[in-house]
Amino acid sequence: MMLAIGDTPNDSEAHQELQRVSLCEALDRILNKGAVISGELTIAVANVDLLYLSLQLVLTSVETARREHLHV
Amino acid sequence: MPQPNNEVEQENAGVGRYIYAIIPDQGQHDLGNIGLDEGLVYTIGNGRVAAVVSDLASGRIRPQRRNLAAHQDVLKQLLRDVTPLPAAFGLLADDDAAIARILKDNQDAFLGQLERVNDGVEMGLRMTWDVPNIFEYFVGAHPELQELRDDFFRDGGNLTQDQMITLGRSFERLLEQDREDFTDQVEAVMRTCSREIKRNKCRTEKEVMNLACLVKRSDQQRFEQAVLQAARPFDNNFAFDFNGPWAPHNFVEMDIKL
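Going down the list, the sequences are from chains L and A.
Start counting the first sequence at 1; every next residue gets the next number (this note's numbering).
Start counting the second sequence at 1; every next residue gets the next number (this note's numbering).
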């Protein structure tokens with residue numbers, strides 16, 4: 001769900017945009033937040049912190065590229 | 001009760017239980033084959049709290065889109081009926097006994113956290129400067145920054161290192177100040193419909209704020225109206241977008257050492 005004030009996206013491109021935003025938001029949450037219980041559990045993903053960091057970089061670059069493109 | 005796949009268990013000693021979330025125990029049930037590797041998602045409970053898990057044949061999980069999406073889907077399904085404590089991606093317990101110990105040893109903490117988020121959902125609210133160039137916009141919006149820049153550029157445009165640092169620091173200070181002021185202003189409105197609000201770090205220079213709001217399920221409509229109300233005093237140089245409902249990822253604070 002997304003609301004952009006002063007903007008009413010309703011074409012398919014905008015729909016894809018919404019999905020992308022939603023995916024970014026989801027990744028932001030499931031990789032970086034939530035209950036972590038150490039001791040009995042194994043973190044089964046190598047370098048989650050590193051993964052999250054590179055994800056942030058990718059998302060930031062995508063956002064920047066998108067904006068630059070939009071404003072050219 | 002779901003039976004573990006004996007073949008897989010024999011072949012692979014590393015079989016484990018992948019954890020999606022903790023919920024109040026409402027008796028054994030399953031959510032179908034929507035888990036990682038299309039595994040059956042089911043609950044293991046102790047009468048008070050339950051872990052939502054699926055069996056995993058391997059001890060390593062790749063952070064692929066497919067796996068992340070499955071984790072997210074399970075949380076989404078759970079959220080329809082009950083507010084879960086979402087687990088971070090990638091948590092694996094050895095076996096049912098390990099799950100039972102986790103539930104027993106952390107029961108009070110889990111119940112406390114479940115109470116905190118009970119009947120709530122998380123909504124995200126992000127406000128951004130919707131301008132092509134944030135630096136230019138700030139120079140225009142803050143006369144003191146404009147004066148400083150004009151002063152430095154008066155002699156032809158070659159700035160010294162010190163001047164560049166001074167200019168950068170002024171920009172940074174004003175950015176932080178504006179973020180603080182606007183966040184206070186928006187939060188004051190959002191508090192009317194949120195049980196809790198958490199400020200997350202901004203990802204880019206253009207972000208003004210990135211809030212997570214814990215909202216009562218029945219208040220989602222009110223939340224949307226509050227966003228509109230909070231946005232009203234701001235002009236077209238600002239954009240607001242909200243997202244959700246999510247499981248309360250930002251309102252689960254558990255890092256339990258056993």
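Please keep in mind that the hints were generated in silico from the structure rather than gathered at the bench.
Predicted model, so just to flag it, every value in this text is computed and none were measured.
Beta carbons: idealized from backbone N, C-alpha and C, even for Gly.
Careful, some of the hints might be misleading.
Label-pair restraints from in silico Cβ distances [claimed, not checked]:
1) L:Ser22 / A:Glu144: 25 to 33 Å
2) A:Gln163 / L:Ser22: 38 to 46 Å
3) A:Glu147 / L:Ser22: 39 to 47 Å
4) A:Lys216 / L:Ser22: 43 to 51 Å
5) A:Pro132 / L:Ser22: 19 to 27 Å
6) A:Asp150 / L:Ser22: 23 to 31 Å
7) A:Asp151 / L:Ser22: 26 to 34 Å
To spell it out: a stretch of chain A is covered by chain L in this simulated footprint if at least three of its residues, at any positions, have a beta carbon under 8 Å from a beta carbon of chain L; those stretches are [stated by the list, open to error]:
8) 67-74
9) 180-189
With the Cβ distance kept under 8 Å, some of the chain A side facing chain L (calculated, not the full set) [what the hints assert, rightly or not]:
10) Leu111
11) Gly112
12) Asn243
13) His249
14) Asn250
Here's how the hints hold up against the structure:
{"no.": "1", "hint": "L:Ser22 / A:Glu144: 25 to 33 Å", "in the structure": "violated (39 Å)"}
{"no.": "2", "hint": "A:Gln163 / L:Ser22: 38 to 46 Å", "in the structure": "holds (43 Å)"}
{"no.": "3", "hint": "A:Glu147 / L:Ser22: 39 to 47 Å", "in the structure": "holds (43 Å)"}
{"no.": "4", "hint": "A:Lys216 / L:Ser22: 43 to 51 Å", "in the structure": "violated (22 Å)"}
{"no.": "5", "hint": "A:Pro132 / L:Ser22: 19 to 27 Å", "in the structure": "holds (25 Å)"}
{"no.": "6", "hint": "A:Asp150 / L:Ser22: 23 to 31 Å", "in the structure": "violated (43 Å)"}
{"no.": "7", "hint": "A:Asp151 / L:Ser22: 26 to 34 Å", "in the structure": "violated (45 Å)"}
{"no.": "8", "hint": "67-74", "in the structure": "holds (count 3)"}
{"no.": "9", "hint": "180-189", "in the structure": "violated (count 0)"}
{"no.": "10", "hint": "Leu111", "in the structure": "violated (13 Å)"}
{"no.": "11", "hint": "Gly112", "in the structure": "violated (12 Å)"}
{"no.": "12", "hint": "Asn243", "in the structure": "holds (5 Å)"}
{"no.": "13", "hint": "His249", "in the structure": "holds (4 Å)"}
{"no.": "14", "hint": "Asn250", "in the structure": "holds (6 Å)"}
Taken one by one, the earlier hints fail for this structure at numbers 1, 4, 6, 7, 9, 10 and 11, listed in ascending order.
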